[in-house]
Amino acid sequence: MRINTTRFGRIDVDGGDVLAFPSGLPGLEDCREWALLADSENDALGWLQSTTRPDIALAVVSPRRFVPDYQVRIPRSELTPLAIDDIRHAQVVVVVGQNAKILTLNLKAPIVINLESRTGRQVVASGELPMQYELSTERPPLKKSA
Amino acid sequence: MLVLSRQRDESIMIGDNIVVTIVDIRGDKVRLGINAPSEIPVHRQEVYEAIQRENLRASRLEPNDTQDIGKFAGRSQQNNGQSRPPEGPRR
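Residue numbers (the numbering used here), protein chains in the order written: chain A, -4 to 141; chain B, 1313 to 1403.
Pulled out of the complex, with its shape left as it was, chain A reads as follows:
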C-alpha cells in the first residue's frame, strides 16, 4: 500500500505491517488503520502513521527507554478487546507530545499493540500518571502509583 504522507513523503507499506485500531484513537476516532514506522535518524523513536489520513502521524517511543521505572497497570477490561491476557505479550508505546517546546510523554494513556493479531488500542492505565511527562536530562523518579 502506498501512502503520500505529509511528513515522510511517499512510503510503501506492506499490507501485513498495517495495524488495525478498531476504536481508532481518542480524538482520531476515524483513523482505524496505522503503520508503525521507525524514524530514520533516531532508533528510540517511531511514528504511527495513519494510512487513511496522510497528514496524521504520532511520534511514539518505548516508555521504559525514557522512563526506566515506568510500570504500567492496565485493567483487564482494557486489554480484552485486544485479546491480550498478559501485557508482557504486547508491545507498549507512549505518544510523544510537546508543551511549550518541551517534549512530553503520555504515560497515562499508553498504546498497546497485539503484535500477533496486528491490532492496537489506546488504553487508560491505572493510578496517577502524567499525561504530559516532561522529558529532561535530569530525571526525577516517577511517583509510585497509588
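The hints are simulated quantities; they were obtained by calculation from the structure and are not laboratory data. Hints may contain errors.
As the list claims (entries may be wrong) - Chain A stretches covered by chain B per the calculated footprint, using a threshold of three residues with CB under 8 Å from any CB of chain B: (1) 19 to 25; (2) 46 to 56; (3) 122 to 133.
Claimed, not checked - With the C-beta cut set under 8 Å, the calculated list includes, among others, these residues of chain A facing chain B: (4) MET(-4); (5) ASP34; (6) GLU36; (7) ARG60; (8) GLN93; (9) ALA95; (10) LEU98; (11) ASN101; (12) ALA104; (13) VAL119.
Keep in mind that this is a model prediction, so the values were computed, not measured. Backbone N, C-alpha and C define an ideal beta-carbon position, used for all residues, glycine too.
Keeping the supplied structure of chain A fixed, place chain B upon it in accordance with the hints.
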C-alpha cells in the same frame, strides 16, 4: 440530554447492547456498572477528553520537533521487548 431517575440495582439500556446499572449510591457518589461490547471504550468523560486533547496536540508534531529526543533515552535494553524501539519499515 435524556434525564431518568433510577434507584440502586436498576438499569438503563442504551441501544441494544449497552446496559448501565446503578450498583451503589452513597452520599453524592454513584457507582455505575457498564456492560458494553468490548469494542466500545468506556471512560470517565474528563479523562477521555483529556486524552483527546493530548492526541490532537501530539498529532501536530513534526520530525523536526523530535530530532533531539535521543538525548533523553537510556541505553537500549534487550529484555522482553518492552524497551526495544518500535519496529516497522524504515521510512
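Here's how the hints hold up against the structure:
1. 19 to 25: holds (count 4)
2. 46 to 56: Held - the stretch 46 to 56 of chain A has 6 residues with a Cβ nearer than 8 Å to chain B, which meets the minimum of three.
3. 122 to 133: holds (count 5)
4. MET(-4): Since chain B brings no Cβ nearer than about 11 Å to MET(-4)/A, farther than 8 Å, the hint is violated.
5. ASP34: 7 Å, holds
6. GLU36: With Cβ-Cβ at 7 Å, under 8 Å, it holds.
7. ARG60: 5 Å, holds
8. GLN93: The hint holds - GLN93/A has a Cβ within 8 Å of chain B, the shortest such distance being about 6 Å.
9. ALA95: 11 Å, violated
10. LEU98: Nearest chain B Cβ about 6 Å off; hint holds.
11. ASN101: 5 Å, holds
12. ALA104: Since chain B brings a Cβ to about 5 Å from ALA104/A, closer than 8 Å, the hint holds.
13. VAL119: 6 Å, holds
In the structure shown, a violation is registered for the earlier hints numbered 4 and 9, in ascending order.
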